[in-house]
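Residue numbers (my numbering), protein chains in the order written: chain A, 6 to 121; chain B, 1023 to 1133.
Please keep in mind that the hints were generated in silico from the structure rather than gathered at the bench.
Among the hints, erroneous ones may be present.
As the list claims (entries may be wrong) - Once the Cα atoms are required to be at most 27 Å apart in a straight line, the calculated DSS-like pairs of lysine-lysine come out as:
hint : chain 1 : residue 1 : chain 2 : residue 2
1    : A       : K32       : A       : K76
2    : B       : K1101     : B       : K1024
3    : B       : K1024     : A       : K76
4    : A       : K49       : A       : K32
5    : B       : K1101     : B       : K1064
6    : B       : K1067     : A       : K49
7    : A       : K49       : B       : K1064
8    : B       : K1130     : B       : K1101
9    : B       : K1024     : A       : K32
10   : A       : K67       : B       : K1101
11   : B       : K1101     : B       : K1067
12   : B       : K1024     : B       : K1064
13   : A       : K67       : B       : K1130
14   : A       : K56       : B       : K1067
15   : A       : K76       : A       : K56
16   : B       : K1067     : B       : K1024
17   : A       : K67       : A       : K49
18   : A       : K56       : A       : K67
19   : A       : K49       : A       : K76
20   : A       : K32       : A       : K56
21   : B       : K1024     : B       : K1130
22   : B       : K1130     : B       : K1064
23   : A       : K32       : B       : K1130
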Amino acid sequence: NAGVMQNPRHLVRRRGQEARLRCSPMKGHSHVYWYRQLPEEGLKFMVYLQKENIIDESGMPKERFSAEFPKEGPSILRIQQVVRGDSAAYFCASSQAGGVGQETQYFGPGTRLLVL
Amino acid sequence: RKEVEQDPGPFNVPEGATVAFNCTYSNSASQSFFWYRQDCRKEPKLLMSVYSSGNEDGRFTAQLNRASQYISLLIRDSKLSDSATYLCVVNRGGGGNKLTFGTGTQLKVEL
């Protein structure tokens, strides 16, 4: 009964380094979403992907952030040249499909990124 | 104006009380609605979907009023374990399937 898996659960980086966050969706789910929760704030949508496709990246910062969901393997959220303001909890969610009735999203445990 | 608005609380209630949370959304084209709960900033967990006809799951009842763009959650006979932050969530649909979260309403159930 594997749910959405994320690793690492905690990640510490120094300013200027790269952070790579991984997400494996629930079994049978082909849609992946990334959300960010800054301290004392609500969750904010970042990007929506299907296998080998970015469907909606309207919430992604224009620079330093990228996401992929390859044909094989987990989805990756990559943050280059991290800054202190990137410190947050990054949650991944997955859904069976995108249409009404199948779009319910289930969340992974999150990756807490701390930039020193 | 925020796309999804909730009273942040906290709501401090005694065990056994009935408590109601409200939420309003601004985009009339929104298609799906949910309540999630989040404990101590862990991952959000789906509590229930919300339909115009209303739906009930044990002690929890959710209602949607599309005309007023208003969503509610009622918790009866509250338990200590209900203490959490309750997130009102809206899916705009249209193929984007992007969830928009309210900032959450904090509930503390006390002895």
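Okay, the hints, checked on the actual structure:
| no. | hint | in the structure |
| --- | --- | --- |
| 1 | A:K32 to A:K76 | holds, 15 Å |
| 2 | B:K1101 to B:K1024 | violated, 31 Å |
| 3 | B:K1024 to A:K76 | violated, 36 Å |
| 4 | A:K49 to A:K32 | holds, 24 Å |
| 5 | B:K1101 to B:K1064 | holds, 20 Å |
| 6 | B:K1067 to A:K49 | holds, 16 Å |
| 7 | A:K49 to B:K1064 | holds, 15 Å |
| 8 | B:K1130 to B:K1101 | holds, 10 Å |
| 9 | B:K1024 to A:K32 | violated, 34 Å |
| 10 | A:K67 to B:K1101 | violated, 44 Å |
| 11 | B:K1101 to B:K1067 | holds, 17 Å |
| 12 | B:K1024 to B:K1064 | holds, 23 Å |
| 13 | A:K67 to B:K1130 | violated, 39 Å |
| 14 | A:K56 to B:K1067 | holds, 24 Å |
| 15 | A:K76 to A:K56 | holds, 5 Å |
| 16 | B:K1067 to B:K1024 | holds, 22 Å |
| 17 | A:K67 to A:K49 | holds, 15 Å |
| 18 | A:K56 to A:K67 | holds, 22 Å |
| 19 | A:K49 to A:K76 | holds, 26 Å |
| 20 | A:K32 to A:K56 | holds, 14 Å |
| 21 | B:K1024 to B:K1130 | holds, 25 Å |
| 22 | B:K1130 to B:K1064 | holds, 16 Å |
| 23 | A:K32 to B:K1130 | violated, 35 Å |
Hint violations for this structure: numbers 2, 3, 9, 10, 13 and 23, all remaining hints satisfied.
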